[in-house]
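I would like the entire structure built from these sequences, with the hints used as guidance.
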Amino acid sequence: MSDVIPRSMPEASLLPWAPELSGEPAAAAPPPRRPRPGFGAAMLLPLRLAWRQLRAERARLASAIAGVLFACVLVFMQLGFRSALFDSATALLSAMRADIFLMHPLTTVSFKPEMLPRIRASQAMALPEVQAAVPVYLAQATWRNPEDGTRRPVQLVGFDTESGVMDFPGLAPLIETLKRPDTMAFDLRSRPEFGAVPRLLAERGPFQVQLGNRQMEVVGLIEIGPSFGADGNVVMSDVNFRRVVKERQASQVDLVAIKLKPGADPAMAVERLRAVLPADVRVLSQPDLVAHERDYWETATPIGFIFAFGSLMGLIVGMVIVYQILFSDIASHLREYATLKAIGYSNAFLGRAVLSAALILAVLGFIPGLVISTLLYDVVGKGTFLPLEMDLSRALSVFGMIFTMCALAGLLAMRKLRDANPADMF
Amino acid sequence: MQSPIQLRGVTYAYGTGDLARPVLRDVDLTVAPGEVVLLTGPSGSGKTTLLTLIGALRALQQGSATVLGQQLAGATERQRTAIRRRIGFIFQQHNLLGFLTARQNVAMALELDPATTERERLARASEMLAAVGLAEKGESRPDQLSGGQRQRVAVARALAGQPGLILADEPTAALDRQSGGDVVRLLRDLARRRGVPILMVTHDPRILDIADRIIAMEDGRILPANEANSASAA
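In the order they appear, the protein sequences are chains E and L.
All letters in the first sequence, in the order written, are residues 1 to 426 by the UniProt record's numbering.
All letters in the second sequence, in the order written, are residues 1 to 234 by the UniProt record's numbering.
Since the hints were made in silico from the structure, they are not lab data.
Since the model is a prediction, treat every value here as computed from it, not as a measurement.
Hints may be right or wrong, so weigh each one.
Pair by pair, the computed Cβ-Cβ distance ranges are [said to hold, decoys possible]: (1) Glu-127/L / Ala-62/E: 36 to 42 angstroms; (2) Gly-133/L / Ala-62/E: 37 to 43 angstroms; (3) Gly-133/L / Leu-334/E: 28 to 34 angstroms; (4) Val-371/E / Ser-43/L: 31 to 37 angstroms; (5) Asp-424/E / Pro-224/L: 48 to 54 angstroms; (6) Gly-44/L / Met-313/E: 51 to 57 angstroms; (7) Gln-144/L / Ala-62/E: 31 to 37 angstroms; (8) Glu-127/L / Ala-395/E: 47 to 53 angstroms.
Backbone N, C-alpha and C fix where the C-beta goes; we use that ideal spot for every residue, glycine too.
Shown next as structure tokens:
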């Protein structure tokens with residue numbers, strides 16, 4: 001059958017590239033110039049293909065999302081606990097508001113302080129930019145629960161509350177009252193085992209509580225929060241502190257708090273204090289003091305490792321689940337992938353489709369994971385008195401981890417694409 | 001005018017060294033523009049290997065092959081991918097993507113061309129489906145179609161990209177007599193109207209009549225024309 005092709009075809013627009021028909025100089029036969037695909041098309045088309053493929057198998061999609069969600073919640077909880085424990089570990093020092101602190105160099109953590117001589121406070125006054133320096137006494141004593149009589153150790157903080165050198169949240173209105181003998185302020189965020197002190201205070205006004213071997217009067221509330229070292233805190237004047245802790249010599253102090261004159265540069269003052277004072281004190285700004293305490297909990301205890309390990313396990317489990325899903329998706333569609341390669345799709349395109357699927361799973365798993373974790377933070381935070389709060393930077397970093405996890409799973413699964421050999425399609 | 005397919009001395013072997021098993025020996029083949037060529041022969045005669053070499057699905061080992069103006073000897077993977085985009089493939093199985101509708105499957109062949117918009121691609125896919133008589137089935141998924149209908153979608157996909165050449169491997173193998181004959185005649189008519197040459201591997205004696213030329217292969221060689229004709233007459 002000889003084929004004379006009529007030039008006047010009804011579907012002129014459907015004419016193929018066929019130089020043998022049009023009489024183009026086909027000897028050189030340049031392949032038709034195709035513009036490079038735009039970035040949008042190069043990314044969106046594989047993304048759409050991946051989404052259509054994921055959507056087609058609901059059960060598989062649901063199990064993949066569940067896997068990502070699981071990893072997401074696990075990592076959020078681990079990081080939340082970790083940060084909450086560090087935050088609460090440093091709650092006492094974070095609440096102490098003064099410009100500069102002096103501490104004994106051998107003090108590793110605030111609830112086991114090495115003492116330094118009180119004279120260092122006076123020596124610090126030698127610098128003109130120091131307005132005042134007061135000793136701070138730390139100790140633990142037993143507190144008798146005013147409701148049921150049980151006893152429990154509580155952290156005592158004693159310093160010259162009148163001097164205005166150091167402040168705690170809620171302390172200011174109590175300064176006059178705390179001057180009276182045998183008075184103290186109670187940390188309202190202490191654990192409930194100390195008794196419902198805020199409620200009792202509201203009902204009866206100031207009332208007596210046994211602290212150590214002494215009857216002391218609770219006159220007000222401050223806000224610090226429980227830490228690893230102590231379940232509760234009370235703040236009092238240095239005079240009242242020595243009434244409770246009789247064996248303590250006034251000349252041996254645990255910290256010195258320093259207030260600078262207005263306009264003085266704290267960093268400069270720290271440098272100059274280091275030059276002036278002998279080697280038996282360490283000079284720290286308030287953030288450095290908190291960092292020092294946090295560093296102890298991070299490095300000298302297994303806490304940091306435990307939570308990092310837990311997060312990593314969550315990510316690995318999530319990665320394995322996502323990898324399994326993507327791998328079986330490719331394996332069961334090997335013929336289709338090979339067909340796409342045969343009709344001219346590149347490995348790179350199909351690789352982008354697999355990665356897109358991984359990233360879709362990352363997003364679809366992260367969103368419910370974020371919601372569930374936020375709810376869990378609320379519930380668990382109320383149950384454990386740990387400061388569990390969702391914040392943006394943690395949400396973003398967890399999303400980054402989940403994203404990386406899914407991308408790695410996608411890259412691993414992409415190796416399976418090599419098995420899709422279009423030559424085997426015939 | 002240049003031939004869409006020109007093979008000179010193509011030799012191909014699977015395996016290497018002592019284990020090398022030659023499947024093609026010194027094959028010369030030229031397909032003229034617009035020609036419909038059927039490739040027959042017993043299994044193991046090398047016809048499918050020949051088809052995959054022409055389709056740039058395998059790298060050429062020896063000899064020269066010019067397909068649509070591109071020399072395949074020494075072509076890179078990138079060049080081979082590019083040439084595949086200008087070839088319409090039809091397989092034994094329909095190999096449609098199960099999670100896409102018929103229309104989306106056809107449009108997949110057009111997404112390779114970044115110059116088109118989504119609207120153009122879908123419109124063109126609809127035209128192609130109408131051309132194969134499946135205008136009403138555009139939104140059906142492959143599992144909602146009969147075997148013949150699926151293969152017709154595959155024909156639409158192969159033609160949608162305005163290929164310069166159609167390569168088909170036993171397109172009727174999975175179909176009954178009636179729908180198999182319908183599909184290849186449809187393919188032949190559509191290709192002929194567009195002036196696209198077809199190279200089709202087939203065992204199916206019921207469709208030999210669509211060919212302009214029948215080539216018989218045996219033991220990796222192309223049989224002389226008179227033997228081929230007697231084979232087709234058989």
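These are the hints, each one checked on the structure:
1. Glu-127/L / Ala-62/E: 36 to 42 angstroms: holds (38 angstroms)
2. Gly-133/L / Ala-62/E: 37 to 43 angstroms: Check passed, 38 angstroms falls within 37 to 43 angstroms.
3. Gly-133/L / Leu-334/E: 28 to 34 angstroms: holds (30 angstroms)
4. Val-371/E / Ser-43/L: 31 to 37 angstroms: violated (59 angstroms)
5. Asp-424/E / Pro-224/L: 48 to 54 angstroms: violated (31 angstroms)
6. Gly-44/L / Met-313/E: 51 to 57 angstroms: For Met-313/E against Gly-44/L, whose Cβ atoms are near 53 angstroms apart, the range 51 to 57 angstroms holds.
7. Gln-144/L / Ala-62/E: 31 to 37 angstroms: violated (24 angstroms)
8. Glu-127/L / Ala-395/E: 47 to 53 angstroms: Holds, at about 48 angstroms.
In the structure shown, a violation is registered for the earlier hints numbered 4, 5 and 7, in ascending order.
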